[in-house]
Amino acid sequence: EAAVTQSPRSKVAVTGGKVTLSCHQTNNHDYMYWYRQDTGHGLRLIHYSYVADSTEKGDIPDGYKASRPSQENFSLILELASLSQTAVYFCASSVQNQAPLFGEGTRLSVL
Amino acid sequence: GDSVTQTEGQVALSEEDFLTIHCNYSASGYPALFWYVQYPGEGPQFLFRASRDKEKGSSRGFEATYNKEATSFHLQKASVQESDSAVYYCALSDLSSGQKLVFGQGTILKVYL
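Protein sequences appear in the order of chains D and U. Quick note on the numbering used here: the first sequence kicks off at 1 and runs consecutively. Quick note on the numbering used here: the second sequence kicks off at 1 and runs consecutively.
If we strip away everything but chain U, and leave its shape as in the complex, we get:
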């Protein structure tokens, strides 16, 4: 079946550092790709999505580009803040099956002052 792999289980950065969280997927079809963010005690919040090859999604300074050849959708931010500390999830959805999401394992981001 379809799957999503996030390489980093945890990332620790200082404020103003550059962030990359790696996301690779495996899917039989042409999925839509998503990033969600989850703060402690809350549910996952939608960050952005991309549906086509080379499409860039972005929100709140975060961005990722759909790379069909590399089957990747890596999350990046140029300058992180302490408030960005959270768990980040990459997910995919096969549009032919409605909006059912397949999630990666999640990456814990800790940003220190």
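Extracted from the complex, chain D is given alone in its bound form:
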């Protein structure tokens, strides 16, 4: 069964610290995405990738980096976490002409 697995499921980080959110899929999907969910904003695209070793900026990339070391893995990196980055983060994967499949999310609290 197709699945997207995110880790950790929740995390508390300190302001200024480094945070890495991980995403793993075994669906043989080429496309992977990171979205951020905030109340009143829906989901917004941070970074995405169409192929391993290549990432692209989405609509709100500031303060975030992404890494795609293999087809299966896609990480989101917050080098200097800030209070404003408290949110729920979702990873998704897809192939061309197929609706993206989402993971269960990572709840990040920056204190």
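Source of the hints: derived by calculation from the structure; they are not laboratory data. Hints are all accurate, no fakes.
DEER-style ranges, computed between Cβ atoms:
(1) D:R9 x U:G9: 24 to 32 Å
(2) D:L80 x U:A12: 39 to 47 Å
(3) U:S59 x D:A52: 28 to 36 Å
(4) U:P40 x D:V51: 32 to 40 Å
Note that CB positions come from ideal geometry on N, CA and C, so glycine has one too.
Starting from the known structure of chain D, arrange chain U on it as the hints suggest.
Okay, now just chain U, sitting in the frame of chain D:
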């Protein structure tokens, strides 16, 4: 840039009521339109999509019709159940840019017995 607007932030209904959630979009191209549903503690789940004008998408009793002239893709269900309580998202994707989704703000649906 492209955008999606959902008119209702929250909808409260009784079981067996008729549901409409309004979705309007703005896009420079000819996008595909999607509905996703999200239950508490889970990620968004794909409900259905439509890619052409007048195409109807449907799943689990929900349906929506692509209206290019009105730039709309309104979600409807004839008779809601308590189990339909969730957050519903309308989204679009410009097919020329892969499957990147632009989401609306979401609509919280609460169905009471």
